[in-house]
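Kindly produce the complete structure, drawing on both the sequences and the hints.
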Amino acid sequence: MLKPLGDRVIIELVESEEKTASGIVLPDSAKEKPQEGKVVAVGSGRVLENGERLALEVSAGDRIIFSKYSGTEVKYDGKEYLILRDSDILAIVQ
Amino acid sequence: MLKPLGDRVIIELVESEEKTASGIVLPDSAKEKPQEGKVVAVGSGRVLENGERLALEVSAGDRIIFSKYSGTEVKYDGKEYLILRDSDILAIVQ
Amino acid sequence: MLKPLGDRVIIELVESEEKTASGIVLPDSAKEKPQEGKVVAVGSGRVLENGERLALEVSAGDRIIFSKYSGTEVKYDGKEYLILRDSDILAIVQ
Amino acid sequence: MLKPLGDRVIIELVESEEKTASGIVLPDSAKEKPQEGKVVAVGSGRVLENGERLALEVSAGDRIIFSKYSGTEVKYDGKEYLILRDSDILAIVQ
Amino acid sequence: MLKPLGDRVIIELVESEEKTASGIVLPDSAKEKPQEGKVVAVGSGRVLENGERLALEVSAGDRIIFSKYSGTEVKYDGKEYLILRDSDILAIVQ
Amino acid sequence: MLKPLGDRVIIELVESEEKTASGIVLPDSAKEKPQEGKVVAVGSGRVLENGERLALEVSAGDRIIFSKYSGTEVKYDGKEYLILRDSDILAIVQ
Amino acid sequence: MLKPLGDRVIIELVESEEKTASGIVLPDSAKEKPQEGKVVAVGSGRVLENGERLALEVSAGDRIIFSKYSGTEVKYDGKEYLILRDSDILAIVQ
Chain A
1 MLKPLGDRVI
11 IELVESEEKT
21 ASGIVLPDSA
31 KEKPQEGKVV
41 AVGSGRVLEN
51 GERLALEVSA
61 GDRIIFSKYS
71 GTEVKYDGKE
81 YLILRDSDIL
91 AIVQ
Chain B
1 MLKPLGDRVI
11 IELVESEEKT
21 ASGIVLPDSA
31 KEKPQEGKVV
41 AVGSGRVLEN
51 GERLALEVSA
61 GDRIIFSKYS
71 GTEVKYDGKE
81 YLILRDSDIL
91 AIVQ
Chain C
1 MLKPLGDRVI
11 IELVESEEKT
21 ASGIVLPDSA
31 KEKPQEGKVV
41 AVGSGRVLEN
51 GERLALEVSA
61 GDRIIFSKYS
71 GTEVKYDGKE
81 YLILRDSDIL
91 AIVQ
Chain D
1 MLKPLGDRVI
11 IELVESEEKT
21 ASGIVLPDSA
31 KEKPQEGKVV
41 AVGSGRVLEN
51 GERLALEVSA
61 GDRIIFSKYS
71 GTEVKYDGKE
81 YLILRDSDIL
91 AIVQ
Chain E
1 MLKPLGDRVI
11 IELVESEEKT
21 ASGIVLPDSA
31 KEKPQEGKVV
41 AVGSGRVLEN
51 GERLALEVSA
61 GDRIIFSKYS
71 GTEVKYDGKE
81 YLILRDSDIL
91 AIVQ
Chain F
1 MLKPLGDRVI
11 IELVESEEKT
21 ASGIVLPDSA
31 KEKPQEGKVV
41 AVGSGRVLEN
51 GERLALEVSA
61 GDRIIFSKYS
71 GTEVKYDGKE
81 YLILRDSDIL
91 AIVQ
Chain G
1 MLKPLGDRVI
11 IELVESEEKT
21 ASGIVLPDSA
31 KEKPQEGKVV
41 AVGSGRVLEN
51 GERLALEVSA
61 GDRIIFSKYS
71 GTEVKYDGKE
81 YLILRDSDIL
91 AIVQ
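Protein chains in written order, with the numbering used here: chain A, 1 to 94; chain B, 1 to 94; chain C, 1 to 94; chain D, 1 to 94; chain E, 1 to 94; chain F, 1 to 94; chain G, 1 to 94.
Keep in mind that the hints were calculated from the coordinates and are not lab data.
None of the values given here were measured: they were computed from a predicted structure.
Be aware that one or more of the hints could be misleading.
Unchecked claim - Heads up, incomplete: computed chain G residues facing chain E, CB under 8 Å, no partners named:
1. 50
2. 54
3. 65
4. 67
5. 80
6. 89
Idealized CB from N, CA, C, for every residue including glycine.
As structure tokens, then:
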């Protein structure tokens, strides 16, 4: 298993179609398009200058929207993942 | 439903015409033009270096003016939204 | 009415002539020229890293000089305004 | 009268000649040349992240040397002034 | 022996093949590709602005994934190592 | 006399020859070459974000080595000086 | 003698050969190559924003590896030294 460090999360990509199961459709525009994923593992959070460690706002299992072109691709046990910083996560799909 | 993270807000666009219902008219100039929107959901706020989480100044339902070209477009359940950081919000229309 | 957020202020432009009523004349030079305005509304101020919110140094009604080319133009109820950050304000005309 | 904001000061320019009254001569070199001025008014100072407001090191009446090309020119009541940040002031002439 | 300073770690490279022993396969894409390594020694951590020294999240012996092209190569006693900052470490392989 | 502000110091240049009195010789290389000087006056120091003013590490009379091309030249009472920030000082010659 | 300021250290270069006495060999690659040196003198450390001065992790006599192309060359009493910031030091050779 992969354990992300700091404020990083590991996600599985949810392939974007015109209309996904959760109802998100990415528009046809020149703007940066977000992508959808599912959180697999989260880091222990970043440390503030007062020494406090700040827990992430997302948990394993959450479906999220993140900024496209962010993160690093990795394959593990034959599956593809993406390692993101939590600041690249835009919203949780509830 | 979409829940924005940190200091982000989700808004519905209010289409800008020469003169909108709320009385805002965007001028004809070379300067960056603001746009109008309605807040749909707000994040829990950014965390200060002393560990305190700072609540946003806007709430769901507020009509706002924001900097054009800021934010990320997303469609959800067939409707278009924009995810902004609260620092891209210029003013509340009261 | 428009309520600016954070450290922003909303001003009415005072049209700059060679010599304005308040006695300010903008010089003929290659340097950045300031402009004059009147404060219409002020935000609640920016938040310091210790959580304290810092009140602005200007109030509604103040005549100010600000850096030209700063801020965002907006029309509201048929009148033109400019939304500035308070760091773009150079001085108060007393 | 003009009241500068924050860490800004308003100065009157002292025209630089080969040798000024106070004895400062600007050298003939490719380096950035400083200029001399007299402080007319000072702001209330910048605010530290602990909320404390830091008084300026210069007062009205001080003769100062500042970095050339810094600041913003303004005319008021027919006289020319320069609005500087105190970080552009190099030294006080005592 | 080499003792890294601050938030640095020293690692041995694990040569990346199409499929490594631990099951990580680096994908064929234009994105930045991570690499795998084994931690040999860790620094005492970076110091926060409150004076506290923050221990690293990795220990000697950990298998890690790090951002390719990060770090500095060094040979010591005939073996090749890489000196990284801990912020270049993406995840621990558990 | 000139009183430098904040973390600035005023120095007299010590002309660099192949071998100076204090034994410093500047090498013939493509690297940035340091220069030698003597401190004439020091500022009251920079202010930390906790409000404390940090005294400089150098005093009037110290011989120092500083980064070449740093600082601002000024003439006063017919003598040439250089105004530096203390962060441009590399070492004290003891 | 030279006393470095703040977080600076003064080192003597240890000429890099294919294989040095301490066993470090610099690899033949396009990556930035580190160099070896011996610490001659250390500064009193940098000051944190809480006013605390942070002692360096290296002491006079330590053999270190540092990032090539960092620091400033200086000759003193006929010997060549390099003045570095401690953040340019990668590791101590123990």
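Review point. Going through the earlier hints one by one, which of them does the structure break, listed in rising order?
Key: Structure breaks hint 5 only.
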